Amino acid sequence: MDAAPPIAKRRPKRWRLMPERGTLSLFELALLAICVALVVARPPQYLQDVIIQTFLWAGLALAWNIAGGFAGLISFGHAAFFGLGAYTSTILTVNHGVTPWIGLWIGGALAAVFATLLTLVCARLRGPFFILSTLAAAEVVRIAALNWEKLTGGAEGLAILPTASVANMVFDSKTTYAALMLGYLVIVYAVTKAVEGSRYGYYLFAARDDEDAASAAGVNPLLARTGAMGLSAFLTGIGGSLFAQYFLFLDPTHVLSPELSFQFALLPALGGLGTAIGPVLGSFAITPLSEMLRVYFGGKAAGLHLAIYGGVLVIVMLYFPSGIAGALRRLAQRRRSDAP
Amino acid sequence: MTTVGQLVLSGLLIGGIYALMSIGLTLIFGVLRVVNFAHGEFLMLAMYGAWAMTKYLGLNPYYSVVAIVPAMFLFGVLVHRMIVAPALDKPHLVVVFATMGLSILMQNVALMAMSADLLDVPPMLGGRSFSFGPFYAKPELLIGFAVAVACTLALRFMLQATYLGKAIRATVQDGEAAQLMGVPVPRIFLITFAAGSALVGLSACVMMPLFSVFPTVGLNFVLIAFVIVVLGGMGSIEGALLGGICIGIVQSLSSYYIAPAFGQMFFFMLFLLVMIFRPAGLLGRKGEASIGIND
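Chains as they are written, first to last, in the numbering used here: chain B, 1 to 340; chain X, 341 to 635.
The hints are all genuine.
Which chain X residues face chain B? A few, computed with CB under 8 Å, are given here: (1) V375; (2) F437; (3) M440; (4) G441; (5) L442; (6) M452; (7) L563; (8) V567; (9) A599; (10) Q604; (11) F611; (12) M615.
Just so you have them, the derived chain X footprint on chain B, three or more residues with Cβ under 8 Å: (13) 119-125; (14) 256-265.
In case anyone wonders, no lab produced these hints; they're calculated from the structure. Here the structure is a predicted model, which is why all the values come from computation and not from measurement. Every residue gets a Cβ at the ideal spot worked out from N, C-alpha and C, and that includes glycine.
Isolated chain X, as found in the complex (with noise of 0.2 Å):
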């Protein structure tokens, strides 16, 4: 009983940093309607700048979220201007293999810069871990959960009550007449993708402490990603938090009771369920799947 608790403690916090990494894709998703192919080297990047900022400026990875935010942001702002808006009103392919191709460019200039190379940043406590009970828990861990729980709060609140937000969902709602109500579209977008990245460059500094970085470390998780937010429904930020835990609880049980590399097979398979059953995820509007590429 404790190992199977043990286990779903496990899962849950690491979900929830999953469910983190997901929030920027969600947004993005929900939105614009474009799937940024380049989300995991986004994080890729980002983990790179925490990195760095660790290394060469001593710095806790925690703390560089001062600076990589901000500088998420803006990256996000460059991309959105150069590839993401000029591909808004071309069919749907050109959107993806355009992040398809920032994607490769930038795994590879990542290769190219750091090698192949996994760098680490030391664990905080000298690796101790906290106890309740009998449980465990590593305190990087209990921290990615609570800044995972609180962005999606936040961004909840963000949502519903501030005049950006209720922009934002008319913008999701109708972009006409959103626009004719004079919500600045394109600026939505901007500021949507852009935030998106922000979140990315946040869950970034959180997991910087617990996963080594390396230039296709973005592949590993934008499959995880992908898989939550489909499961919680795409656009959904709640969604996004109860797929990343569900993956987490799963990814954890099966990995002790099975086999650690069938953990992965199951959340894969767990995936192509819930598009075959309830392709709108668990928490998506109905329909949501069936948007034409061409929409």
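Just chain B, same shape as in the assembly (with noise of 0.2 Å):
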């Protein structure tokens, strides 16, 4: 692959190898390449079901990085904004007929809304005071749903009928499931590109790197930050609606918990904070292995997979800061530095 520096020099800029900011690599085209084959290879039921699983976090990971890894606002209540984009499409198609297909973009603008306000408020609030207001903001948010049994369903859940057809947002084959969460971390993905890319990215990274110059230089940290949590939260609520159309199932212990919110932030953390590709390498990495485990060792020893994946992440954090993605970045600087 790798030409005589002259050849090198004259490689438009666009086809890099490895992921970098504001262009596409053939990196990321080879991995979307995989992504395609494995859906329109119709693997075997179970490995189908991981598959959907993995694309379905890569893309709520990336959604959790953009206001976690660009704008620097670590959240542990992203479970909120997944539980009100998946409960408002829910409750619009069970109690009021309205197609998931319109439900997800209210369910993700309600979740927006929400994260805005959240923000505006606890945007003063740095490091661990902003973590736990988004935990106690989300814990609010599972014990009213908890409780508010006529519209949630309660601790019983609700439940989607399950009639297969596009109008329902329901189907019966796997590969229509995993095409549609590939398409949607396509779009995250893509979403996050752009903002990686642009000016309002740069002052993203303004802001989270050093706020008082990043004021000085003419951004408005606050506009910038609460930006950041209103798409993550929007797309976040998206997710949470296909989520609810995949499992059919919804109940606030589960698409609420505390857990929930920790994933969200631990994939990003695990494949690579701030970088577009890092959250996707993550999910790679820790859903399928994670579900594997749990397949394999089953009701033998439960919580094993969970196990492994804390003490992953405490190594990785205290030994590679930077995750997957840093140690993919250096592989590249590392190959481009032999190459004679």
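Combine the two chains into a complex, taking the hints into account.
The structure is reproduced here in structure tokens:
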């Protein structure tokens, strides 16, 4: 692959090998090709299930990363946005006959409004204080959903009756779901890349890395952060609706749980915070691993996959804080400097 | 009126216990400036310890303090050496995610080792309560409250009067200057983290007769502890006691007059209100809440 330097110079800038800010790389295209192949190849049912969840989680991790990675707003409350999206589209479908194709936008918008208000209110909090506020806000939503039984069905949950049709966004074939989730992943990735390469993206990085300097240079950190949180929540809410359409069942102890919020944050942390490819790699590495371990060990060792996950997280954070994406970048740099 | 009095009394007592469980968290935050997201799992581990000593050695859970507190101190030393200390000079989110990873690891190891069953120890005095005129209180709650108050006073005395306490306060005020004056700052961090863990051990022994232990028990309590610590002002020990008592009373009154489940919602909302209007907490220093993520 690596050509001699003169040719490398002539190579159009767009086709880099490794992911970079503002351009598409061969790595990303190859990954996309693999994803499409995985959808089209129609693997056995349980593998398809793993693939669907991997795509969905990758999209959700990317959505979290816009707030947590780009804007530095570490949120442990994204389950609230996810749940708002999931419940909104489901309630609209079940009680009012509105198709989820419309409901998911409304759910996303509600999540975005909630996130924007929360960020406006908590924006001056930093570090652990912001994290804990998001956690508390999500708990308020969870407890409200648990007790507002008329609307949400409370602890018993809310089920979507599975009548397969395109209008209901319920499908018989897992392949269709896989395509749907891949579509979600690609869209969220495109939004992420667009933000990353844009002027707005630079505002976010500036406000994250040095708020005072950013303000002095004319960036409004509050506005930049609030926008990032809103966008992140919007995409997370849509992910919630898609989750509901796939699992066809919602209950507050699962879709609004703090554990879920942690999961949103941990995938990007493992993959590489603040990069576009990191959250995708995080999900691609972890989701299949934990699903496989769960299937393989089943009831014999409940919790093993999460124990491994926790241990890996500690090690990655301490020794490779830039995650999988950081390791890839270093590898690419070494290759570049090794080349004659 | 009697009902209100009884509710306030129960809230006060349970609040003291909540405070006891939060003191370790606030101490560690106050000195090291890190939030230990595995705090709840430390509590879970120590509660299993107290349960096992009651079950297999036939000890009263209160006596297990003798073993659990030193064991948790050592566990704190271990965690500090392996996880917290290496993360201290890195961006703040490293320690957030590393302790989060530890929390997930501990929860799930507990799930594998102990299964998800709820484990209890038998109540004292066969579950009878003391009565004070028209009011009643469980002996376990009274003991817990007394331990919490004693602990707060002892810790305050230690910080004010002993050499170690002065070194800790110097580190809090200005770590670099303290280091230059010969305070071994890394060692102070280690001792503080271990002492915070030992305090969790103490509260676990006090809580074991009142609550069941199960692998995710920490999550329920750690959320309460976060609320208390922020409410009282992160790093303030008296603040934790005050915050704990506030939360206990709010929870007790709102779960009686509104609905049990809404009790929790109220204190999370209280938490958000404090964050919005008085982010340094009731007794915290001004500007505390604006420390940056990269500081």
